[in-house]
Structure formats: C-alpha cells, structure tokens
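Enquirer: Just so you know, the sequences run in chain order A and B.
Letter 6 of the first sequence, counting from 1, is numbered 956 in our numbering, and no numbers are missing.
Letter 506 of the second sequence, counting from 1, is numbered 507 in our numbering, and no numbers are missing.
Keep in mind the hints are simulated off the structure, nothing from the lab.
Ideal Cβ positions, reconstructed from N, Cα and C, are used throughout, including at glycine.
None of the hints are false.
Listed next, with one range per pair, are the computed distances between beta-carbon atoms: (1) A:Y1038 to B:S113: 33 to 43 Å; (2) A:Q1116 to B:G101: 23 to 33 Å; (3) B:V139 to A:N1029: 54 to 64 Å; (4) B:A132 to A:N1029: 44 to 54 Å; (5) A:F1043 to B:A457: 47 to 57 Å; (6) A:Q1116 to B:I233: 22 to 32 Å; (7) A:F1043 to B:M495: 47 to 57 Å; (8) A:F1043 to B:Y293: 31 to 41 Å; (9) B:I233 to A:N1124: 24 to 34 Å; (10) B:A287 to A:Q1116: 25 to 35 Å; (11) B:G320 to A:Y1038: 42 to 52 Å; (12) B:N310 to A:F1043: 46 to 56 Å; (13) B:Q513 to A:Q1042: 52 to 62 Å.
If you only want the chain B side, here are some residues facing chain A, beta carbon under 8 Å, derived: (14) Q76; (15) T79; (16) Q80; (17) W86; (18) V168; (19) L175; (20) H179; (21) W180; (22) A237; (23) M241; (24) A242; (25) G244; (26) A266; (27) R267; (28) T270; (29) E274.
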Amino acid sequence: MNSMDAKNSLNETHYWHPRRRASGEIKLLRLELVVRGQTPCDGIGVEWSLAQPTENLSPESAAAALGVEIWCTQSGVKNRYRTLQLRYPPEQFSERHLEWRPAAELLSSPRARLNWYWQSGLIPHPSSKIPGTGTGTGTDAVGAAEGLAMGVLWDSRAVEPILDSQTAIQRFANISRNFKTDV
Amino acid sequence: MNNNKQDVQAAEAAEAAEAAEAAEVAEAAEVAEAAEVAEVAEVAEVAEVAEAAEVAEVAEAAEVAEAVGAVQALQLLTQELVKAWPRLAEILSQAKVFPGFQKFLDGYRGHSVADKLNSKKADEKRNAQAAVGEALAVFFGDVFRQSGFLDASKNLSTLQIQDALRVFEEQINLGLYHWFGHNDRNFQFRTVVHFCDLDGVGCPLFEANGEEWFVSFSEHGMRFGLETDAHIPRTAPAYMAYGLEEFSASQIQNRVSKVRRPLFARIRTLQREVCLLEEEWEHRNAIVAVEYGKMHEKVRRNPDAEAQNELAKMFERLGVFRNEMASWMLKTFIALERWLTDVIPVLKYEPDILAELDALDAVVLSGLQKIFLPSSVSRHLYSDHIVELFLAWGEARLLRHPDDLSCQLLCDSARLFLGITAHGISSAEFLQKKNFEWVMSFDPTSALKTFSRKLAADEHKVFTSLATIAIAQKLWPSPLNNYWMMCLASLAEMPQTFPDKQMPYPVRPLPQNINIHMAAILGRAHGFVQEANVDAEVYKEREFLSNFFAAGGAE
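Okay, chain B solo, but in the shape it has when bound (with noise of 0.2 Å):
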C-alpha cells in the first residue's frame, strides 16, 4: 500500500510537472529549467514526508490500538459499575439487619469506638464480617465479569490494570461518599466498616498477569490493588459529581431565562456541597490528630527508641494522608473557581444569580483557609505537588479578583515555595497605593506561615512586613498614612541629613543648678534682653549668668 500510494502521488506529481512544463513553453528556456527542477525538488520532498508520515501512522496505529484496550476496557468497568450500585447499596443497607446495629447508629458520631466484648459480641462482629466482605466480593466478582474486564484484563500489563483499576477505584469512593442508606445521614459507609471491623481486612479479586488482585476496605472507601500496595483509598475529586459542565458559559449564554431556576437550584446544591466537603476534612483530620494525639502522648510519658519510631512512622502516614486530602479538596476547590471564572461574564445582569455565586465563592475561600491549618498551625510540610495547586488556585481567583491583596501574597510565596523567582514580589506594588485600592479577603498570614518552610530568611522578613503593613493599612486605615510614614522615616534620618550643620551637644543644667536656668528663663520671658539679634541675647545670657554666679549665687 505504501508503494502504491507512493507511485499515485509521483505520478500525480509528475503529471503537474508535465502540465506545468506544458504551460510554460511560451517561456524561456531557463525558466522552464528552473521549474523543472523545483517540481522535481518538491516531488522528492513531498513522497519523503508522506513516507514518514505513513511510517509514523502505522507505529501510533500500533500504539493505540494497545491504549485503546486499557481505556475500552476502563470504560466497560465503569458503566457496569453504574449499571450495578443499587445492589452495592443495598448490601451495605443490609447491615442494619445485624443485632446491636441500630444502637451502635443511634450512638455513631464517626470513628470507631473500642467496645467491651463479650464472646457472644464479638461471636456477631466477627460474622457480620464475614457477612458483609463475602457480599461484596461477590459483588465486584459479578461487577469484574459481567463487564468483560476479565477478558480484557489478559491482554493488558500489570501497569495498565493498575491505572484501570485507580480509576474504578476513585469512582467508588466517590460513590461511597455521597452514599448514606435507609434516609438517614449518619449511616455512611465507614458506620458499616466501623460496626463490622472493616478496617483494613481485604478480600482476593482475580487474577491476570500471574499476580493477585485485592480489594481492602478502610472506613475512607475501598483501595484495588496489588496486596503489596499502600492501603490508602483515593477518591474522585468530587467536582466530578456536580455537574458542572451542565451549566457551563456556552451552555448559558443564549438561554439564560429559561435556565435561571435549575441554575439556582445547581448553585445551591453546590454551596451545600462545599459545607460538606469541609466537614469531611475537619472530621477526617480531627480523627487521625486524635490518633496522633495519643501516641504522642505515649512517647511523652515513655520515650523510648522503638516508640518514637512508631511515632516518626505514624507522623509519615499522617504526613501522606493529610496531602491526599488537601489534594483531593484543592482540585474541587479549582475547578469551582474555574467554573465561576467562566460563568459570571455570562450572568451580568442577573444580580441575584450573581448573590449566590458570591456566597459560593465565600464558602469556597473559606474551605481553602481550612486546608492551611495543618502546616499554619501544626507541623505538617505539604509537599511541592500541594503547593503547585496552591498556586493554581490562587491564580484562578486573581482572574475575578485581580486586587486581592491576601491572593497575590500567597501566589508570591508559593512561588518562591517552588523556586519560580521570575516574577519577583509582584505584591509589594500596593505600597504605592492607596489603602483602598486593594483588598485583603482572608488572613495572609495562614498562607505565609504554611510557604515559609522553604524560604529564606530575608524573604520570610519581607513577607512579613507586607503583612504588617498591609493590616496596619487596613486596621487604622488613613489617607494620610502615606504621609505620616514618610514624615517618621525622614525624622528618623535627620541627623544625618545635614551633618555640618548639626549643632554640638548643648549645655545641660546640673539639676542643683536648675532654678538659676529658670530664672535665666524667667528674665528673658521678663523683656530682660530687648534686642533681637539673637546672638547678643544669647551673650547677654551668659553674661548674666556668670555675673550670677560671681555674686555668689542664689544664695
């Protein structure tokens, strides 16, 4: 095929030739020479290109019909699932048919209670169990076959099931999330991983490749893998769910009556969404700083070698799973901005829609202050991966609010955080303007204590002098603030300003010596020296002093 589509191409292309030779016979000689060549330049050009084009086409062809498994057979994974959660749900409702659940619901406030057994409750725990992690291994046998991944899964390496596998993963943790059973919100799904003992019990999946595939449970979601793998659920970041791409600005643009209400309704759904979000991660981190909490106090009272091991371990995994869900949060909290970076120029004149798109924007700033506490307030370092959605974040907020002072100072210190110095400290131009010009949405200073851990010095102190005077700025705000600093700062450089006209050290009275001075005063005040010059009064002063204490004083 290659040498036909060759020959094609250098026929045709010597058939121009030729009608061009044709054409330019009238011409002279040289000329037609010339064009000759040229053709014969471009048609050796043009069947190169065209073979290394076919060349190239054949191996991506290659490549992709290998990718084209791995996502045909992600994609089967993923509708099966959709096709299949009703049964999930239903398994994980089936807990409540285990004696002691329905107390252990009415008193679950979110993490698992260590229970005085005795053997007949833990005879129960130990089958309900059984119970549940036979189900859903069933379960995902049935979800695995049905939706011809085992098939596919033979054709596929070890890397991509595990992609695949990352991606279903992530599905049903986001499914689990928003998943609560019989109408009432406190039956999640850690509540049946809690009551049943879940926690980090797994089950065999299938096999492919010559290696075994596991599920294990966490009260977080469930984690797909290999049994060597870190036990650590990921979830979808939730924007995923929202449905943003519904109401995007396109979609908007031209039927903006006809969708107000329903984007009313998204907009509030997605507030509500983001309180959540951030209880999530208030509750998620009180329980493991809790745990932490306590082996920390262990170590305290007894601090031996292998405790502080167990603590330097734990403090790691803290570590690990506080950047998964800063991470986690950061994407949904990005791609909301993005969302409202899109969606506002479309909805200028719709002031109520536009009120709620404010809350929402509130709520989401607020969410992001709590993602700063454990590196502000504890001793958590988020990694350069956190802090590059830092960056990405306050990026897309300077779009819709380029004057927020308290956003460019935390994209200058993140920047400086991942050693981009190119822009320099764009922030400090606010001290050229006026205390109004400029706003300070939230507290820099959350954001500046968590980039301080990797900057130097010097620009850990200038940082911190932006943030003193830009609250000192907006906490005794003045127009004459400007002013008044400059009138400080030349004060402070008066004596060096004019050194050769600084007078010398003036004469002190002795304190014994005080009253005849006020009586020098006194006798000044009095009319005592008349003329003007103030060079005779000063030696008329002197005079009178001298001759004062020649006459022998005040006494």
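Same shape as in the complex, but just chain A (with noise of 0.2 Å):
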C-alpha cells in the first residue's frame, strides 16, 4: 500500500504496522479496521452513514470517514483523548463516556436495536472461514446450536447475499410468465 510506506508526503505519516493484513482479507473481517479497546477513540467515533459506499472502503478511507487514528503512537493516542475531551466534556456528553455498550442496543428487537459503525461489515461472505459459518454448517440443522460455533453471532442461513441484477431479473420473468392477457 503506497499511503502505508514510511516516507510519504510532509503532512500525514502512516506507520506500517508489521502485524497488519492485506488489505484483500481485511475487507471480509470489518473487525480488523478499528481494534476495539486499543484506541480510547471507540465510544466517541462517528456513527457509520449507509450512504457511504463500502465496499470499496479502504483502511485509510475508513479512518478519515471515522475521525480515528489508527495505527499511530501512543502520544498520537493521547493528544487525540485531549482533543476529543475537550471537545466533548464529559458533563455534557455522558453518553459518549460510557465505556459499556448496553445489550439492549445490540441484541433487542431490531427496531430499538443500534448498530454500532464497527459492525458494518459483518455480513459473512458465502465463502468465509468464519468458524460456524459457510455453506456446510447450519444448512440441515435441527437444533439452533447446531453447526454454530462458540461466540459467532450469525448463522450463514440467515443471511442472503445482497440482491444482484441477475436475480431481479429472473424474478421478474417468473412473475410475468404468468401473466395473463393483458395486452
């Protein structure tokens, strides 16, 4: 990744972290982008906009769109805490000092339910090696814990991939073969 090399324009530094993945696996696993518990910057990023287009996201398009610095120093880290302390003084902005992420938000009825902008990407590609999920498991199971590993949150039947051309197009024509006269 050119932006990732060390001597790069004056203004911004990227820092190549050595334990990074490619960029191809990272677009599968959202989860890598921002580490949650590393950077003090979780609670008070900016919430995720669906209108961003994402599935082009890169990871320093990802952090620029949050406002979080990733990847930096810990006194980067620091300076960054001041700013947004300063900015958001506790008093008046509680809920974003909160360090615990009520379950109501995460596991309740899909109406209140909050996603959080981490858990864009969370929808597993057909192909994933996300234990518990992928075409083999859950398919032909009785039970609900069946083909279900330990601590996944999802079930790869439960997810359609997102609704291609293709498919909208051989719908329609079921549909309209059985249309009657109507011309």
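Please assemble the complex out of the two chains, which come individually in their own frames, going by the hints.
Expert: Here is the structure:
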C-alpha cells in the first residue's frame, strides 16, 4: 500500500504496522480495522452512515470517515484523547464517555436495535472461513446450536447475499410468465 | 361441426324426451303432454344456448390467438434478456477502461458535473459515448433478433409492440436499478451515463409496421419506443424482484421450522431494500429539486416571459417525474403491506420473526412519509392515480392496525380528495374513545396537507380540528380530558343556559370609592350583620353605605 509507506508526504505520516493483514482480507473482516479497546477513540467515534459506499473501503478512508487514527503512537493517542475530551466535556456528553455498550442496543428488538459503526461489515461472505459459518454448516441443522461455533453471532443461513441484477431480472421473468393476457 | 353438434345434442335430447315419455306412459295423458312440451322447450333452449356459446367461443379463439401472439413475443424477449444479461453487465463494466473513468468514479456523487473540458477530454468523452452507444445498440439488436421478436413483430400492431416494449423496458430498468459493477456500489448505470454524456442519446433499434423504434438512455434507465415518445424511463415496481411469492402464507404454513432462517434472511433483505429505495427517492428528488431551484433563481433574478415559460414547463416535467417515482415506490409499499397481512397470522408463535416484520413495517412507514414531502412541503400536487395508491396502502395497513388513527385520517382525507363521500369521516369516532384506545403511528398532518389541495374549506377545518384534538390528547394525556372539555363547554355556554335567572349587571365601585366598599366588606366580616337572611344583609349594607355617604363619607 503506497500510503502505508514510511516515506510519505510531509503532512501525514502513516506507520506501517508489521502485524497488519493485507487489505484484501480486511474487506472480509472489518473488525480488523478498528481494534476494539486499543484506542479510547472507539467510544467517541462518528456513527457509520449507510449512504457511504463501503465495498471500496480502504483502511485510510475508513479512518478519515470515522475521524479515528489507528496505527499511531501512544502520544498521538493521548493527544487525540485530550482533543476529544475538550470537544465533548463529560458533563454534557455523558453518553459519549460510556465504556460499556448496553446489551439492549445489540440484542434487543430490531426496531430499537442500534448497530455500531464497526458492525457495518459483518455479513459474512459465503466463502468465508469464520468458524460456524459457510455453506456446510447450519443448512440441515435441526437444533439452533448445531453448526454454530461458540461466540459467533450469526448463521450463514440467516443471511442472504445482496440482491443482484440477475436475480432481479429472473424473478421478474418468473412473475411475467404468469401474466394473463393483458395486452 | 356446429351442425353436427347440434344434431347430436338434439338427438340426445330427443332420446331423453322419448325415454321420459316411455317412462310416463302409465301416468295421466295431460302430465305426459306437459312433460313433452317442457322437454321440447328445453331442447330448443339448449340448442340456442349451445349455438350462442359456439359463436362466442369462435370469436374468443380468434382474439386469443391474436393476443397470444403478443404475449408469446413478450415472453420470448423476457427470457432472452435473462440469458443475455451478463453480456449487458459486461458492456457496462467495460467503461472502466476508458481514460479518466477511475478518477471520475472516485469523485462521483450521483449527479452529472459540468466539467471544463479541453479538446482532448472532449474527444475522449465522445469516443466513450460512441463506444458504449454502439455496443448497447448491437446488444439490443442481438437480443431482438435471437429471441424471435423481430419475426413476431410483423404480425403485431403498433399498440402491441408498444406494450411489449414497455414491459421489456420495465424489466431492464429494474435490473439496472440493482446492478453495480466491479463490486463497487458507486459504479451504477447512471455513472456510465454521466461519464459518457449519454443522457438523452438515442439509437434506432428496428423497424416494424413502417415505424422506427428507438432506445434512448437517461440516468434513470433506458426508454424504448417511437421517436416521438416522452423521454421518461419506466421501471417495474421493485417488489417484483423480492421473490415474495416464495414466502407466501401457504408456503410457510406447515413448514415454519424449515423455513425460519431463510425467511429471516429474506426479511433482512427486504428491510435493506426498502432503505435503499428510500435513499433512491431522496437522491432523485434532490437532483430534480436542485435543477428546479436553479431555474427558479434565474427567473427570480430576470423575470421575463420566456424564462417563466421555461420554468412552467420544467415544473410540469418535474411533476410528471415525481408522480412516476411516487407510483413506483407506492406499488412496492402496497405489495409489502399485503404480504405482511398475509404472512403475520401464520407466524403467531415466532416472536423473533415477528420482531423483524415489525421493523420492516416501521421502515415501510417511514418510507411512505417521505412520499408526502413534495406535496406537503413543496407545491407539487399528486394526481388522482397516486392518491388511489395512497388509499390502497392505507386500507392495507388498516387491516393489521385497525386502531391506527393517523391511517384512518389518511384514508378519510384521501377518499374526500377522490370524491368518495359514502364513508363520511369515520376517524371522528375516536372522540368518543379514551386516548389510550387508539394509536397515532405517524404524523397525520403531512397526509392531511397533501390531500387538502382538493378539499373544501369546511372539510379542511374539520380535519384540522380532529388532528389538533388527537395531538392534544396524546401530548397531554389524562383520563379526565373529556370531562374537562365538558366542563369548559358548559362554562362557555353558561350565560345562555338560564337566561331568565341571569342577574342584572352588578354595581361596581368607582376606583375612588374602593375604600368604602372595603369598609363595608370588613364590617360584614366582623359580624356587623348578624342575620342569616341574605336580603336583610344586603339591605343593611346599603343602609350603612347610604348613611356613610350622608355623613360625608370617610373624611
């Protein structure tokens, strides 16, 4: 990644993290982008917007959109935290300084549920290697827990790939095959 | 064949008559005669009916043969498009190789941007336009030829070809709405159109019935038709792509445990698709509103007749466009409401799926409220057709939520808009109920504003008062509200209630005599007057006061 190179423009220096995965894999598992608990900026980041196209998301653009620096030094983190504390005083913005996320936000009824920004990319690709998901598991399962690994929030069968144009056209053709004479 | 059939039937009837006669030989002669007459009459009737049916059948068969030709031709086209769709996707994806496209894509926000072009860029754009246009024309030529539509179109009338092309166009635009290239949701059909400046560009397709048929491109899709047709592409309603019939009530009924997870997945897809529909609506409306706003500003600065003419024409175009978009979205919402009504009773014992369906309901509701905006906030007026769709949606929702007052208000005002006065204003019944016995699930004022355009002033006042009372009852809820309303009403009417017992206007003290009055009151308070008789008290007070005045007052 050229922007990850240490010899970069004067204004922005990104450090190349030796343990970072290649960007192609990152697109499948967005959890890698914002490592929870390692920056205090987690709780004070910007909410995700559905209007942004996400399939061509790179870590830099994610960081720019979120206003969160990742892969930077501890002093950078501290500076950031200080800025944010000044920007959001805890007395007025108590909800931004919570450390815990209420279970109600994640597990409750879909109407009241709130998905946090790091959960934007959690629909697993059909060929993903996430334990408990994939085409082999959960398809003929009789019980709920069968085919589901511990700690995995989703099941491959409870998720559909995005509605693509070929499917749309096929379904329209099927419906119109049942049209009576309307001409 | 007619004659044979009639003969056969007559023969059979005659045989039956003979058999009946033979069976009734033992009975009285009058009965036999009557039976014979009746049979003959029956036979005659049967023969007539048979003949009429035959004639009708022949006529129908002729019509059906003609109509079947058109439908078959259409189905040929439809199936061929399904087979050829990957090629179309490939043609559109090929736009990526044009110079400057990647940069355009990175900065693309869904609308065309006037670029300052040097000659080289203009050349590149023109080349791109030519390349894509040619490729698409060739593609459609192949589709029409290989499906056999060209041959079939020789037997079809202009109207039938138009209808077939309309359905074909709807299918293509539905596919284009869902298409995105290279795994990038920003790379849509409108990206290609805006990059190559294909908006409004047309290509001839084929010739039939002596007329030339064209395809023209716009950012919203493709339009097939004659050269003189309006350039507004039509899209099939989005629900046709959702596959709702795979999850109808009869499909789910006895297989709930097997169907649970796919149904869950499908409901999540529906939620996402409705959100995407709403975003599409907002995007398209924003673009046309900005165009109109620019023209409006131009006219405001320089109001001359031709500019105002242009503005009026643009407003008309905008109106037609908004009507099309509204009807497109409403048809999907109506289909989803009907599906929910269909499916929810079958899923009584599935609380998590019901929760997801509830969320889908909420998302459809929020989408519907967006459609009110152009007519409640802006000056757009929806046509009768759109209001009928609104009414259909409202009635579909009332089947599941019969206590929803905002929906009842919507239906009532929509009916009055359309001139259906038979139902009256049934939403006024909520005035007799307690405020927890009905529900206000969305803001009724946006619907009432939309439909107030064609209501009489009195009807509008009635709706305004109903909405005010409803909002007040929900905003300051108290079980005593009706009681207080009655108290206030009777208070306001008090003077007219007992007119003969009304007292004459009482004496009020002049400001300079106020201390005399205070003295009188104090005197009474201190037990100066001891009788319980009120009249005596009053007399005594007046006596005291007149003595007081006679004695020169307080000086």
